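Those sequence lines, one after another, are chains A and B.
Read in order, the letters of the first sequence correspond to residues 1 to 231 in our numbering.
Read in order, the letters of the second sequence correspond to residues 232 to 478 in our numbering.
To be clear, the hints were calculated from the coordinates, so they are not data collected in a lab.
Bear in mind that the values here come from a model prediction, so they are computed numbers and not experimental data.
Among the hints, erroneous ones may be present.
Covered stretches of chain A, as calculated for chain B (at least 3 residues, CB under 8 Å) [what the hints assert, rightly or not]:
#: 1; stretch: 67–79
#: 2; stretch: 86–93
#: 3; stretch: 184–191
Pair by pair, the computed Cβ-Cβ distance ranges are [what the hints assert, rightly or not]:
#: 4; chain 1: A; residue 1: F173; chain 2: B; residue 2: L276; range: 22 to 32 Å
#: 5; chain 1: B; residue 1: G257; chain 2: A; residue 2: F195; range: 32 to 42 Å
#: 6; chain 1: A; residue 1: S118; chain 2: B; residue 2: E294; range: 49 to 59 Å
#: 7; chain 1: A; residue 1: P192; chain 2: B; residue 2: T241; range: 44 to 54 Å
Calculated from the model, a selection of chain A residues having no Cβ within reach of chain B, i.e. all distances over 12 Å [to be verified]:
#: 8; residue: L47
#: 9; residue: A83
#: 10; residue: F96
#: 11; residue: A129
#: 12; residue: L145
#: 13; residue: N161
#: 14; residue: K214
The beta-carbon is built from N, C-alpha and C at its ideal position, and this holds for glycine as well.
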Amino acid sequence: MNTEQQTIIKNGLWTNNVALVQLLGLCPLLAVTSTFINGLGLGLATLITLVLSNTFVSIIRHWTRPEVRIPIFILIIASIVTAIELAMNAWFYELFLILGIFIPLIVTNCSILARAESFASRNPVLDSALDGFMMGLGFLLVLILLGGLREIIGQGTLFSNAHLMFGPAASNFELSLLGDDYPGFLIAILPPGAFIGLGLLIAGKNSIERFRSKKVILVSAPSRPAEASVS
Amino acid sequence: MNIHKQVTTTALLLMLFATIGAALVGFIYDHTYETIKQNERQALLDQLNNIVPASDYDNALLEDSFELAPDVLLGTTEPITAYRAKKQEKTIAVIFPAIAPNGYNGSINLLVGVYRDGTVAGVRVIRHRETPGLGDAIETSRSDWITHFTGKSLGRPPGKQWKVKRDGGEFDQFTGATITPRAVVKSVHSVLLYFEANKKILLQDEVVDKGAKVAKDEKDVDTKDSHEEQKDTGSSSDTDESGSSKP
Chain A
1 MNTEQQTIIK
11 NGLWTNNVAL
21 VQLLGLCPLL
31 AVTSTFINGL
41 GLGLATLITL
51 VLSNTFVSII
61 RHWTRPEVRI
71 PIFILIIASI
81 VTAIELAMNA
91 WFYELFLILG
101 IFIPLIVTNC
111 SILARAESFA
121 SRNPVLDSAL
131 DGFMMGLGFL
141 LVLILLGGLR
151 EIIGQGTLFS
161 NAHLMFGPAA
171 SNFELSLLGD
181 DYPGFLIAIL
191 PPGAFIGLGL
201 LIAGKNSIER
211 FRSKKVILVS
221 APSRPAEASV
231 S
Chain B
232 MNIHKQVTTT
242 ALLLMLFATI
252 GAALVGFIYD
262 HTYETIKQNE
272 RQALLDQLNN
282 IVPASDYDNA
292 LLEDSFELAP
302 DVLLGTTEPI
312 TAYRAKKQEK
322 TIAVIFPAIA
332 PNGYNGSINL
342 LVGVYRDGTV
352 AGVRVIRHRE
362 TPGLGDAIET
372 SRSDWITHFT
382 GKSLGRPPGK
392 QWKVKRDGGE
402 FDQFTGATIT
412 PRAVVKSVHS
422 VLLYFEANKK
432 ILLQDEVVDK
442 GAKVAKDEKD
452 VDTKDSHEEQ
462 KDTGSSSDTD
472 ESGSSKP
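Bound-form chain A, shown alone (with noise of 0.2 Å):
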């Protein structure tokens, strides 16, 4: 592996993580993310869409012209969208009827066509698709940490509902964390849950970037402050 993947991979993840740092896809992001299956759910369909529209874009990038690229971009992306959306609606409908308009709506995250334009359009196949897959893990990533901490803190169990996405078998992953007469924190689940959740979570990136930094520069020069970590 060369330096290169390795700085997409560590790009995806974490320095240009989409919903932490490029805070892109915030919309779906909060509306689904009020249990982990369904942060889970939103997650893979988005995965699945960033790898193959980034492969799509990336084979087709020389014979693109620069006036129609983007709606041509767009095109691929809506294509693939409406595919992974019957395709759920045929196979997993309960999860589909969940995550509901959500999936439609992938087309319109950005970070979509945001790595097809600065990414996908102008790196190889194989790069590309790395990429796709590095963003759409580290957007998965937040949106099961954050559904699943949404899930714990409002009605105190893990996995409920692991059924609609792993067949009946796993109707009974569901764990309760917190007990049975746990009574809930309404507000993890409602709409300000997922904004607080999602600060959280930003902010305890940022320090341990911070945290990281600082000890670098004391390594480094101890009498530099350590500010300018903030991404």
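Given the structure of chain A, go ahead and fit chain B onto it with the hints provided.
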């Protein structure tokens, strides 16, 4: 000359991609169409079976449907499809989709099943936007509140008791949410009133082959029976008129 060529190539290029995209979507649509239809029918049938158990009837429930004109008591403003459960050719229950228009956050869509004798077979919420954690206790996955309607009828409890406890009635409200249960209780009660008023037509058994005619009859009944539609003159049976007389 050059610019013409450029415009043409660009347009052709865009057309090419549009065609490919449309072909891809068409192909997938074609291959998933049957499964999706099947899913939707199964989901609907599951919901209906929650209200009237599959063992209680022997007709093809989904095929035995009929249209009901909009009615204030059902809370509907468009014609809706109701279902009739039969055992040995005799109607045992009718399942109505009803709308409770005054939920906390917009309308609540219900399915209300009524047995031949006017008792409630069951009520289920099919769509709502009530507050999670408070009003959503009307869902069966959150609490069994909605099952308490089963077995109730217009006389049991008596009309004045068809309210939530806070309003002096018989039905529980939830902690922190009175508006939602109030809306549901009122809607179920209205459906029972509707059933009572239209009983004769709803319980006709030979409906299957005369679906269209019955739908017309029902609209006639609507115009006569419900109070809001008095200004409608006489024997109107086309959809426009009964549609326009809604509040």
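Here's how the hints hold up against the structure:
For the stretch 67–79 of chain A, the stated coverage by chain B holds: 8 residues have a C-beta nearer than 8 Å to a C-beta of that chain, and at least 3 were required. Figure legend: the stretch 86–93 of chain A, annotated as covered by chain B; annotation consistent (6 residues with Cβ-Cβ distances under 8 Å, at least 3 required). Counting residues of the stretch 184–191 of chain A whose CB falls under 8 Å from any CB of chain B gives 4; the rule of at least 3 is met. For A:F173 paired with B:L276, a C-beta distance near 27 Å keeps the hint of 22 to 32 Å intact.
Under the hint 32 to 42 Å, the C-beta atoms of B:G257 and A:F195, about 40 Å apart, fit the expected range. About 54 Å separates the C-beta atoms of A:S118 and B:E294, a value consistent with the hinted range of 49 to 59 Å. Range check, A:P192 to B:T241: about 47 Å between beta-carbon atoms, so the 44 to 54 Å window is met. At roughly 19 Å, the least C-beta separation between A:L47 and chain B is larger than 12 Å, which holds for a residue marked as non-interface.
Separation of A:A83 from chain B is inadequate, the least Cβ-Cβ distance of about 5 Å not exceeding the 12 Å criterion. The non-interface label for A:F96 is inconsistent with chain B: the shortest C-beta to C-beta separation is roughly 9 Å, within 12 Å. Distance to chain B confirms A:A129 as a non-interface residue, since its nearest Cβ pair spans about 18 Å, more than 12 Å. At roughly 20 Å, the least C-beta separation between A:L145 and chain B is larger than 12 Å, which holds for a residue marked as non-interface.
Chain B draws A:N161 into its interface by the beta-carbon criterion, the shortest separation being 9 Å against a cut-off of 12 Å. Every CB of chain B lies more than 12 Å from the CB of A:K214, the least distance being 41 Å, so the non-interface label holds.
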